[in-house]
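Participant: What follows is the residue order along each chain.
Protein chains: 2
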Amino acid sequence: MVKNEALTPKGTRDFLPGEMVKRNYVFKIIRSVFERFGYIPIETPAMERVSTLTGKYGEEGDRLLFRILNSGDFLTGISDDEILERNVNKLKSSISDKGLRYDLTVPFARFVVQHLNEITFPFKRYQIQPVWRADRPQKGRYREFFQCDVDVIGSNSLLNEAEQIQIIDEIFKKLGVKILIRINNRKILSGVAEAIGEADKMIPITIAIDKMDKIGAYKVNEELAVKGISEKAIRELQPILGLTGSVEEKLNELENKILLHSKIGRKGVDEMKKLFDYLTTFDLKVDPVFDLTLARGLDYYTGTIIEANSTEMKIGSLCGGGRYDDLTGVFGLKDVSGIGVSFGADRIYDVMEKMDKFPEETASTTTLMFVNFGEKEEIHCLSLLAEIRKSGIKAELFPDKVKIKKQMNYANKKNVEYVALVGEDEMKNGLITLKNMKTGVQSQITLDELIEEIS
Amino acid sequence: MVKNEALTPKGTRDFLPGEMVKRNYVFKIIRSVFERFGYIPIETPAMERVSTLTGKYGEEGDRLLFRILNSGDFLTGISDDEILERNVNKLKSSISDKGLRYDLTVPFARFVVQHLNEITFPFKRYQIQPVWRADRPQKGRYREFFQCDVDVIGSNSLLNEAEQIQIIDEIFKKLGVKILIRINNRKILSGVAEAIGEADKMIPITIAIDKMDKIGAYKVNEELAVKGISEKAIRELQPILGLTGSVEEKLNELENKILLHSKIGRKGVDEMKKLFDYLTTFDLKVDPVFDLTLARGLDYYTGTIIEANSTEMKIGSLCGGGRYDDLTGVFGLKDVSGIGVSFGADRIYDVMEKMDKFPEETASTTTLMFVNFGEKEEIHCLSLLAEIRKSGIKAELFPDKVKIKKQMNYANKKNVEYVALVGEDEMKNGLITLKNMKTGVQSQITLDELIEEIS
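These protein sequence lines are chains A and B, in that order.
The letter at position 242 of the first sequence is residue 242 when you use the working numbering, and the numbering goes up by one with no holes.
The letter at position 9 of the second sequence is residue 9 when you use the working numbering, and the numbering goes up by one with no holes.
Heads up, a few of these hints could be off.
Where chains are identical, the list cannot tell them apart; a pair therefore holds if satisfied intra-copy or between any two copies.
[Unchecked claim] Heads up, simulated BS3-like pairs for lysine-lysine below, C-alpha to C-alpha not over 27 angstroms straight-line: (1) Lys3 x Lys334; (2) Lys10 x Lys92; (3) Lys401 x Lys334; (4) Lys232 x Lys267; (5) Lys28 x Lys390; (6) Lys174 x Lys390; (7) Lys357 x Lys28.
It is worth saying that the hints were derived from the structure and are not from the lab.
The model shown is predicted, which means the values in this text are computed figures rather than measured ones.
So here's chain A without its partners, still in its complex pose (with noise of 0.2 angstroms):
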């Protein structure tokens, strides 16, 4: 039985050889298309000072911070009293002044404050690095994880909007995932709560719509009387979610009718028209819904809000984001707009897993594997491999010479797509017998011969 001590912490996992060259041809994907949008690479630690992290997730994110036991007597100045108190909150600041990052957009913020000289605006980044959530663990949510995040800070354009739902686009276009884009603004939201008198409470109601694909129209509207919102407000919200037509037809009934006295609401539908005339100029392979319910969880969005979820297979949305006026804010740089998306490269891969959608060729690690015969063979072995090499191929000479039918059985479980074996025979006629271990057809043939085929 495996000791406890030979495990990996609940809610955090390996990744296998076999999974480690999928998440890759992920990752690749994302990273290519993001760098073809102009997007450059940035990475921060995964410690950050606690004061950068709290207060920025709201109450559940500051439970779910990961901590940083200080070094050394991390005791030094508490009181016995304050100890014997047992408020573990107020303990916990005292004694851990750093913790795990949350998401990579708060660090990133707090990059642009700390970096403001060594960066020109608009500052387009992206980052591709495990979060940590201590979140109870459950089936397909872990304690550390993955996301790309991709934004662009200093520019107001709507430009940025539609460019980032072109990146998603062509992100699942190329890994084949099928998905639905929803897009809706925060000031059309702001707008209905005016418009229905209830403007100071735009953010529970937000909150309360967010949950209308899981739990129904009935349990939102029960949500939104307990959070106060009166009985006429919920009953005028209904026909506007409910608004059905087109785009233009949903956007010219919010502008002429709904939105008609809310300012900040006409603010949104233009918006919203805006970007919608710079998508219908690209290609895209999914048109985006423009969805009233749409809300998203975070406080800080302020503009346009993005969703894609899979059409495939129910799970949580795969990418998600928005624009936000204030962020740096917080760190002492006002008035920088920027919009960002976030990628769940973990979800990302659940869904290609499930539904059968990696390519062949990320089934294979390694390409050519020479058996060994013993050591005249392996001197011989190693200046073929050497030419192998330098062309590219990945290959290697099985290290011991034990039976062949173990190291055979090593090349099947490593998924190698060649065999070579060169004997005393093979040395004689300077050929190499290569064995294709899917279709098991076997042939004498030259080096050269050889870098061409599997080339």
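Based on the hints, put chain B in the right spot on chain A.
Facilitator: Quick look at chain B alone, frame taken from chain A:
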């Protein structure tokens, strides 16, 4: 002034886009060489159980572990008396059961035991991930840094040692970094300890002579005396450490004289001979040196040890490793031998940066920028952009219509290679004005010509 909460924690750092591109260049070369030798990637979580990590790195290592505070009420089950004892070492075991990985070797050993049924031996893996140490930060030493490890476990063949030296040679050749590769064998060192009559003091002898480079022979001898090595033994050690001649001469001298009566010592000589036999069949750029004073700090090495240093810049080793016969033993899996080397990505970066080794292409991040002349031009440029990106070129349209000077300034700072100007004239005649930012040359060309020029 930037607030504290807008700064990375002490000893950690952000990577800006310019640095990222260069770092990725280093990682890409390392990864591609590893793969061409049949090594396959794995990743392990940032956190490990404290029980996995402690007791593996000596006392200093235990002290330098970053520990994660348990979630929730971390004081539950700890009595007032226990707390008031203020025994920080004991207490930290009670309030933190996870830590950040300290290197990649111990997590790899844990991985092998945990996934024993999912992997095939010999298991050739590589792993490129950050590690964390609560060391006092200083120039060139960080609390978060990247290791690139390549190990094969479950094979005793010296072919593995030979190939790992080939890997080192190949990587630094490709990076353009001049190195000296030194090798030795722990069995020879054991034999030497035996030969001078201090067989039981092999570890302190190893630790002392490991410092030869840094502190010189005089201080090493002082340390040996302090550690209780007899004067006679120290005297006898001098000519051994000072052996000169070719590899063959040295090995013969050891085999036939110095280690004549040491079984383990002669085993080490045999291994070294076999290893050099392999190495002479390779076409190495750098011939490895047999250095009897190479010792390596870690306890767990049992055979070949390897180290590579820059010959152009004074800095710690760029790469090091060796054979270990029982690393997985602590996790319950006995008698599995492995060998691995670790590349220090941060130091390699520092050498390349200081010695100006990065190729020109690592200076640029985005290749082409379109100037934004306004709404009409935007739409036109977006369709051109779509074609340009399809051919894989990294390209962007400046998102806001601001002064051209400001846009050109952005392009300059971002190190964009080409700027495209498409105003009313160009829209009419269907051409693009393309400016090469390095040469300053400007020309009017078609879209196809542009793609050809830039690709």
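Participant: Take the hints in turn and mark each one as holding or not.
Facilitator: A quick look at each hint next to the structure:
1. Lys3 x Lys334: between (53 angstroms within a copy, 14 angstroms between copies)
2. Lys10 x Lys92: both (22 angstroms within a copy, 19 angstroms between copies)
3. Lys401 x Lys334: Result: close only across copies, 22 angstroms inter versus 68 angstroms intra.
4. Lys232 x Lys267: within (25 angstroms within a copy, 90 angstroms between copies)
5. Lys28 x Lys390: both (24 angstroms within a copy, 16 angstroms between copies)
6. Lys174 x Lys390: between (30 angstroms within a copy, 12 angstroms between copies)
7. Lys357 x Lys28: Cα proximity of Lys357 and Lys28: in one copy and across copies (15 angstroms, 26 angstroms).
Of the numbered hints listed earlier, not one is contradicted by the structure.
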